[in-house]
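From first to last, the protein sequence lines stand for chains B and Z.
Remember, the numbering used here sits 293 above the position in the first sequence when you count from 1.
Remember, the numbering used here sits 8 above the position in the second sequence when you count from 1.
Some hints here could point you the wrong way.
[As the list claims (entries may be wrong)] In silico DSS-like pairs for lysine-lysine, Cα to Cα no more than 27 Å straight-line: (1) B:Lys481 x B:Lys325; (2) B:Lys316 x B:Lys487; (3) B:Lys431 x Z:Lys24; (4) B:Lys325 x B:Lys487; (5) Z:Lys24 x B:Lys403; (6) B:Lys481 x B:Lys403.
[What the hints assert, rightly or not] Distance windows between CB atoms, simulated: (7) B:Lys316 x Z:Pro86: 21 to 29 Å; (8) B:Val422 x Z:Tyr102: 38 to 46 Å; (9) Z:Ile54 x B:Lys316: 39 to 47 Å; (10) Z:Asn104 x B:Arg478: 51 to 59 Å; (11) B:Asp356 x Z:Pro86: 29 to 37 Å; (12) Z:Phe35 x B:Ile368: 37 to 45 Å.
Just so you know, the hints here were simulated from the structure itself, not pulled from any lab data.
All values reported here derive from a predicted model rather than from experimental measurement.
No residue lacks a Cβ here, since even glycine has one placed at the ideal position from N, Cα and C.
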Amino acid sequence: MDKSADESSAGISSLVDDWSSDKQTFDMPWGKLMMWIFLLSDTFIFSVFLTAYMSVRMTTTADWPPTSEVFALVIAGQHVPLLLIAIMTFILITSSGTMAMAVNFAYQGKPQRAAQLMLLTALLGASFVGMQAFEWNKLIFDEGIRPWGNPYGAEQFGASFFLITGFHGMHVSVGVIYLAIIANRLRKGFYTGKGYHIVEITGLYWHFVDLVWVFIFAFFYLW
Amino acid sequence: MSDSSVQQHPISVYLKIWLLLFVLSTFSYMVDFYQVQGYLRWSLIIIFMFLKAGLIIGIFMHLAWERLALIYTILLPPLAILLLIVAMASEADYINFGRLLFFAQ
Chain B
294 MDKSADESSA
304 GISSLVDDWS
314 SDKQTFDMPW
324 GKLMMWIFLL
334 SDTFIFSVFL
344 TAYMSVRMTT
354 TADWPPTSEV
364 FALVIAGQHV
374 PLLLIAIMTF
384 ILITSSGTMA
394 MAVNFAYQGK
404 PQRAAQLMLL
414 TALLGASFVG
424 MQAFEWNKLI
434 FDEGIRPWGN
444 PYGAEQFGAS
454 FFLITGFHGM
464 HVSVGVIYLA
474 IIANRLRKGF
484 YTGKGYHIVE
494 ITGLYWHFVD
504 LVWVFIFAFF
514 YLW
Chain Z
9 MSDSSVQQHP
19 ISVYLKIWLL
29 LFVLSTFSYM
39 VDFYQVQGYL
49 RWSLIIIFMF
59 LKAGLIIGIF
69 MHLAWERLAL
79 IYTILLPPLA
89 ILLLIVAMAS
99 EADYINFGRL
109 LFFAQ
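Using the sequences and the accompanying hints, generate a full structural model.
Take a look at the structure:
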């Protein structure tokens, strides 16, 4: 993928070059680098939440609620474990796929196509948030789960659940708004002649939201 | 900004990764569906999780094609989290021990 094989563009020598030469270290648009740095900081926030969850789950002497049953859905009389969560996972992955294609089309110089795919991504994200609202509703009103206690076991379950999925849901909601704004500007030709890096930057944020869900799915729902 | 930082891949690459992520998600769901337990469950969950995370970061977020300066900037700092996890796990284990010892009375 590197175009300039003649100048040391790979391996450790490229690292030394980038840091030691009299030039900008990171050869990329400023916004893209700043998005990466922001995502790095967000990584730490989510890691701290998940580590806190690990701590309370290890310290409690009560049984941890059986997530497989708490998050089960009854479909046609059948008890299907984690069904909604699985659907939400597939939706988020699909939205990441459409986002990746939007970035590709933007760099191909097809902003209209990219804008459509971004709006599709936003729609999938919105449906994810909708399902999460349904899930919270079910947990709060039907199952009586509260941040300070629940009928299934360890009290810390509710606090961890609402904090972690709530913070992630907020990221998805913000992402939907962000995508809609950028897609609309793209559609109107706001970025014509300025380059389409903004689509890639928006994409980085969106893929990160998907990435965080991978970890939440593994540690909170499956563990 | 020069166009040299822009990479192009055929759409089919993304479709393949998308499919792969679907399959991996199905596998991790199966772990729960078939109630695999114990160390096998935990290792399977971790393996599928890291495979999915790697595909998302590497391909979708294009980190695999970025220069090493950025890759290290993004991937090295999170290693500190491992230290936090080890410290918190050891502390949580001790608190759990204390609770079992004193709350049981």
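Do the hints match the structure? See the list:
| no. | hint | result |
| --- | --- | --- |
| 1 | B:Lys481 x B:Lys325 | holds (22 Å) |
| 2 | B:Lys316 x B:Lys487 | holds (23 Å) |
| 3 | B:Lys431 x Z:Lys24 | violated (35 Å) |
| 4 | B:Lys325 x B:Lys487 | holds (14 Å) |
| 5 | Z:Lys24 x B:Lys403 | holds (22 Å) |
| 6 | B:Lys481 x B:Lys403 | holds (13 Å) |
| 7 | B:Lys316 x Z:Pro86: 21 to 29 Å | holds (27 Å) |
| 8 | B:Val422 x Z:Tyr102: 38 to 46 Å | holds (39 Å) |
| 9 | Z:Ile54 x B:Lys316: 39 to 47 Å | holds (40 Å) |
| 10 | Z:Asn104 x B:Arg478: 51 to 59 Å | holds (52 Å) |
| 11 | B:Asp356 x Z:Pro86: 29 to 37 Å | holds (31 Å) |
| 12 | Z:Phe35 x B:Ile368: 37 to 45 Å | violated (22 Å) |
When the structure is compared with the earlier hints, violations turn up for hints 3 and 12 and for no others.
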